[in-house]
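Colleague: Sequence:
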Amino acid sequence: MSYQDLTERFNQFYRNYYREEIGELAQRYPDDQRSLYIDYDDLFHFDHDLAQDFRSKPDQIREYAEEALRRYDLPADVSLGRSHVRIKGLPENVEIGEIRVHDDFIGSLISFRGVVRKATDVRPQITEAAFRCQRCGTMTYIPQSGSSYQEPHECQGCERQGPFKLNTDQSEMIDSQKLRIQATPSGTGGGETPHSIDVHLVDDVCGQATPGDHVTVVGVLRTEQLENGNRKGPLFDLYVDGLSIEYTDELPVDLTDGDREKIVEISKNDDVYQMFVDSVAPSIHGLETEKLAVLLQLFSGVSKEVDGGESIRGQLHILFTGDPAVGTSRILRSAADLSPRSTYSNGAETSKAGLTAAAARTGGTDGPWELKAGALSIADRGLAAIDNFSKADGDVVGALPEPMEQQQITISKASIHESIDTRVGILAAAAPKDGRFDLYEPLGEQLPIDPQLLSLFDLAFTVMDTPQLEADTEIAEHILEVNRAGEQRQAGKDPEPPESADAPLEPEFIRKYIAYAREIQPVLTPEAEECITEFYVDLRSKGADEDAPVPISARKLEAIVRLSEASARIRLSDTIELSDAERAVDLVEASLKDIGVDPDTGQFDAEVIEAGTAEAQIERLQNVKKLISDVEQEYEKGAPIDEVLDRSATVGMDAGEIESEIEKLQTKGEVYENPKGRLRTT
Numbered sequence: 007m008s009y010q011d012l013t014e015r016f017n018q019f020y021r022n023y024y025r026e027e028i029g030e031l032a033q034r035y036p037d038d039q040r041s042l043y044i045d046y047d048d049l050f051h052f053d054h055d056l057a058q059d060f061r062s063k064p065d066q067i068r069e070y071a072e073e074a075l076r077r078y079d080l081p082a083d084v085s086l087g088r089s090h091v092r093i094k095g096l097p098e099n100v101e102i103g104e105i106r107v108h109d110d111f112i113g114s115l116i117s118f119r120g121v122v123r124k125a126t127d128v129r130p131q132i133t134e135a136a137f138r139c140q141r142c143g144t145m146t147y148i149p150q151s152g153s154s155y156q157e158p159h160e161c162q163g164c165e166r167q168g169p170f171k172l173n174t175d176q177s178e179m180i181d182s183q184k185l186r187i188q189a190t191p192s193g194t195g196g197g198e199t200p201h202s203i204d205v206h207l208v209d210d211v212c213g214q215a216t217p218g219d220h221v222t223v224v225g226v227l228r229t230e231q232l233e234n235g236n237r238k239g240p241l242f243d244l245y246v247d248g249l250s251i252e253y254t255d256e257l258p259v260d261l262t263d264g265d266r267e268k269i270v271e272i273s274k275n276d277d278v279y280q281m282f283v284d285s286v287a288p289s290i291h292g293l294e295t296e297k298l299a300v301l302l303q304l305f306s307g308v309s310k311e312v313d314g315g316e317s318i319r320g321q322l323h324i325l326f327t328g329d330p331a332v333g334t335s336r337i338l339r340s341a342a343d344l345s346p347r348s349t350y351s352n353g354a355e356t357s358k359a360g361l362t363a364a365a366a367r368t369g370g371t372d373g374p375w376e377l378k379a380g381a382l383s384i385a386d387r388g389l390a391a392i393d394n395f396s397k398a399d400g401d402v403v404g405a406l407p408e409p410m411e412q413q414q415i416t417i418s419k420a421s422i423h424e425s426i427d428t429r430v431g432i433l434a435a436a437a438p439k440d441g442r443f444d445l446y447e448p449l450g451e452q453l454p455i456d457p458q459l460l461s462l463f464d465l466a467f468t469v470m471d472t473p474q475l476e477a478d479t480e481i482a483e484h485i486l487e488v489n490r491a492g493e494q495r496q497a498g499k500d501p502e503p504p505e506s507a508d509a510p511l512e513p514e515f516i517r518k519y520i521a522y523a524r525e526i527q528p529v530l531t532p533e534a535e536e537c538i539t540e541f542y543v544d545l546r547s548k549g550a551d552e553d554a555p556v557p558i559s560a561r562k563l564e565a566i567v568r569l570s571e572a573s574a575r576i577r578l579s580d581t582i583e584l585s586d587a588e589r590a591v592d593l594v595e596a597s598l599k600d601i602g603v604d605p606d607t608g609q610f611d612a613e614v615i616e617a618g619t620a621e622a623q624i625e626r627l628q629n630v631k632k633l634i635s636d637v638e639q640e641y642e643k644g645a646p647i648d649e650v651l652d653r654s655a656t657v658g659m660d661a662g663e664i665e666s667e668i669e670k671l672q673t674k675g676e677v678y679e680n681p682k683g684r685l686r687t688t
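In the working numbering, the protein residues as written are 7 to 688.
These aren't lab readings, by the way, just hints derived from the structure by calculation. Small disclaimer: the values here were computed from a predicted structure and weren't measured. Take the hints with a grain of salt, since some may be wrong.
[Said to hold, decoys possible] Derived lysine-lysine pairs resembling DSS-like cross-links, with alpha carbons at most 27 Å apart:
1. 184 <-> 358
2. 599 <-> 397
3. 670 <-> 682
4. 439 <-> 631
5. 670 <-> 439
Based on the sequences and whatever the hints tell you, model everything.
Modeller: Structure representation (structure tokens):
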């Protein structure tokens with residue numbers, strides 16, 4: 007078809023499908039809107055061949071489409087001279103990793119999904135450069151493409167070869183921006199670095215993307231020569247000229263009708279919870295309570311907005327601590343693999359910028375500022391697993407309260423002022439400072455984590471390595487079976503997997519199930535509300551006496567609701583039944599028994615979690631410090647340790663307990679020894 011025929015064909019397409027959209031564009035052009043978005047399906051139904059040509063020859067066909075838009079019958083005083091035609095909704099998405107290994111994609115229209123890893127400032131780009139001849143003053147206009155501008159060969163006035171000077175006032179410019187799009191972290195378990203590709207944007211699509219956004223990009227794949235080649239010739243890299251970019255909160259899972267039927271069928275199984283629990287880290291024997299908690303975290307609660315714009319998070323945060331080599335790291339990796347969107351980080355190797363976000367210049371000190379997303383924003387609406395949490399730097403840990411509670415990160419640096427969503431559940435594993443967990447020491451004194459941060463975890467569990475004959479026998483048999491199967495597989499055989507390590511559900515199916523279930527917004531039934539209320543009030547009433555410990559705070563009440571909602575989602579239920587509430591209460595109670603018990607009184611005490619030390623222990627420390635202060639006033643050189651120990655009965659403690667409390671006070675810096683054998687308070 008000729009140029010005229012193709013232009014007229016697009017004109018007919020617009021009249022049939024986009025009459026109203028073009029009318030709206032004409033009213034809003036150029037200040038509020040400069041692009042007409044067309045859906046690929048519409049073009050395909052109108053003209054199959056034209057749609058195919060748009061994919062294989064996008065530059066040429068888009069030129070016809072935009073010329074037809076400029077010629078479209080509009081009122082005489084309206085011109086769409088610099089409007090764009092942007093296509094969206096291609097039927098297939100290409101994996102970013104595949105883009106780099108298939109040469110036949112170059113020059114064609116492609117669509118792919120990913121997460122915005124980096125975004126530069128929006129900067130002007132010259133589209134037509136005006137050059138003034140330094141000899142005669144004649145202005146010459148040269149169309150531009152690429153990052154460097156082309157000068158004229160000779161002056162149109164004096165016909166000499168310059169010199170020329172760029173006149174920016176007379177040049178035409180357009181907004182430009184570069185994004186780096188990274189493959190969506192869908193069930194990778196953090197095992198490999200996702201592929202990424204740069205996207206170049208111009209004009210009205212610039213300035214909308216924020217790092218952490220999950221997007222679908224349609225654009226033309228191109229090559230560009232790198233500045234540094236090698237002896238074998240120039241080197242090239244790939245990038246995409248972005249035509250359209252769509253933002254989505256949907257999890258990166260494609261569901262077929264068959265998937266939906268199977269999901270509904272599994273949800274009706276009486277053992278559905280056990281099926282999922284057995285599919286979390288199947289190589290780890292036991293720890294069913296911890297696995298159930300992680301399972302509910304993957305399904306998450308329901309995020310809500312209340313009056314005044316305040317939001318209540320739906321994502322759950324879980325902390326594991328305890329003895330080493332008990333399997334928590336495998337549970338973290340399994341959870342990251344099962345989540346439709348996830349990241350896995352090692353606290354010992356993670357920086358604040360790598361976990362949250364960072365603003366930095368690109369291309370040297372004069373380059374544009376860019377915002378780079380960290381692991382939490384990349385995993386938005388998913389799971390962020392952080393192993394070796396206790397080894398993370400203080401600035402990393404200190405940056406977590408905002409993304410955990412507010413579900414966003416605020417960046418204010420140079421020209422960048424952004425709030426990035428981090429609607430993510432954090433699953434962390436932290437080792438005690440002394441290696442093994444001490445049941446008689448409060449959690450806050452064993453983990454180098456701020457009490458405020460500890461209080462943000464909905465559930466926390468201590469996983470202990472306690473010798474038990476029957477359980478140890480089962481674990482030994484399980485591990486040997488798993489290893490035996492691995493040896494047979496390595497030898498080229500196809501063994502039957504051990505029954506105890508055979509996951510009932512495949513990870514890919516679980517990811518689809520979670521994505522499907524998280525569209526459900528279950529609500530509490532009166533029976534579930536009553537169960538939750540009774541549990542909360544009962545525990546609170548135990549702390550009604552003035553001197554009694556506070557057993558549970560309102561924050562735990564919200565955790566119970568989130569867990570109940572997640573439980574209902576597993577059954578694909580629109581209502582939260584009594585069984586869901588009881589399941590949530592049991593998990594919270596198990597967590598409180600693990601870490602929320604004052605080791606001296608045996609009572610639940612919210613201070614153990616939320617302040618890091620039990621109320622009774624705080625009181626004992628204060629009493630011992632006062633005793634030292636009283637003795638100190640009687641001795642010029644400080645309180646003799648022997649004298650303090652002799653008076654231990656006055657505070658209701660024996661000498662051994664006093665010595666233990668003195669060590670804690672010295673660690674806290676509230677008491678010091680100077681000279682030796684003499685104590686002084688700070």
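Colleague: Work down the list of hints and note, for each, if the structure agrees.
Modeller: Taking the hints in turn, this is what the structure says about them:
1. 184 <-> 358: holds (24 Å)
2. 599 <-> 397: holds (25 Å)
3. 670 <-> 682: Distance of about 17 Å is within 27 Å: holds.
4. 439 <-> 631: At roughly 25 Å apart (the allowed maximum being 27 Å), residue 631 and residue 439 satisfy the hint.
5. 670 <-> 439: holds (14 Å)
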